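Based on the hints, put chain H in the right spot on chain S.
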Amino acid sequence: MIVHAPPQLRLGSLDMAELVVPNDLRSAKAPESLILGELERNGYDGDCIFGLKLALEEAMTNAVKHGNRGDPAKHITVRYRITPDQVVIMVADEGTGFAPECVPDPTSDENLERPNGRGIMLMQCYMSRVCYNACGNEVWLVKDRTDPPNPGWESRLTEG
Amino acid sequence: MEQPSSHLKIRHADGVAQVEFADRKILEELSIQEIGDELDRLVESSAGVRLLLNFRNVDHLSSAALGMLVTLNKKVKERNGELRLSDINRQIFEVFKITKLNRLFEIHDTAEQALAGFSRR
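Just so you know, the protein sequences line up as chains S and H, in that order. Be aware that the first sequence starts at 3, since it is given in my numbering, and climbs by one per residue. Be aware that the second sequence starts at 269, since it is given in my numbering, and climbs by one per residue.
Extracted from the complex, chain S is given alone in its bound form:
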């Protein structure tokens, strides 16, 4: 299906595959294994697959647990387009969304011993770009093949 990517990603319209799964962590495995299979077929290396697997796992867990709040009546929609040069994945839940900028930095000293709050940051570190729709119930993950395994982390380090 043809999908308009968020303008900030500058990807225009994309032809993406779509899967809709029930809102539970076991069902969330189906799109993950399909996407991982596609990554291997497209020749992505182990480091790249590690990062994508981690980012996708975090996005799916957030959608099931926080977005849809574990409601079994709700669904998760996953859209993806994988080419040899780029991976684009969108994960949407049916929740009311959240403000990603309000999630505290889990690496600051006062938050280091908190058990939660690392998923979003890990997605940002392992992906080339991460963005959300306006209400925050749809996350887009983009990984350019030419990027290093965790480009977001390297830019965080450079920023200081």
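Among the hints, erroneous ones may be present.
Unchecked claim - Among the chain S residues that face chain H by a calculated CB cut under 7 angstroms, a handful are:
no., residue
1, Phe52
2, Thr109
3, Glu115
4, Pro117
5, Arg120
Claimed, not checked - Okay, the calculated bits of chain H under chain S, using three or more residues with CB under 8 angstroms as the criterion:
no., region
6, 320-334
7, 338-347
8, 352-365
9, 369-380
Just so you know, these hints were derived from the structure itself, not from any lab. Computed from a predicted model, the values in this text were never measured in an experiment. Ideal Cβ placement from N, Cα and C applies to all residues, glycine included.
Okay, now just chain H, sitting in the frame of chain S:
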């Protein structure tokens, strides 16, 4: 005393509980919770437990697993115990570095190095 578990292999030697993970991936919420419960029981079994978690079988983990380890670390400290991690592969160690949890945990390259550093009783 050994607890039967499908997720952990626990060996007690020289006053240290050495734990290896049976799963290569510590990702799924349910198994993470079970692993956490199992480790909690180990920590609660005696005051001042000395615990070594060997990651040599693990090739993937998620933020939920990191959260479980953070909670475990707190519990071990509260009970005057010691927790060490060893044999973490390069990709997973990177996750610890990114989240700065390499500063919170005592991480050793090998189980031997970790064992050598435990305080003598």
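Find the hints from earlier in the document that the structure breaks and name them by number, from lowest to highest.
none
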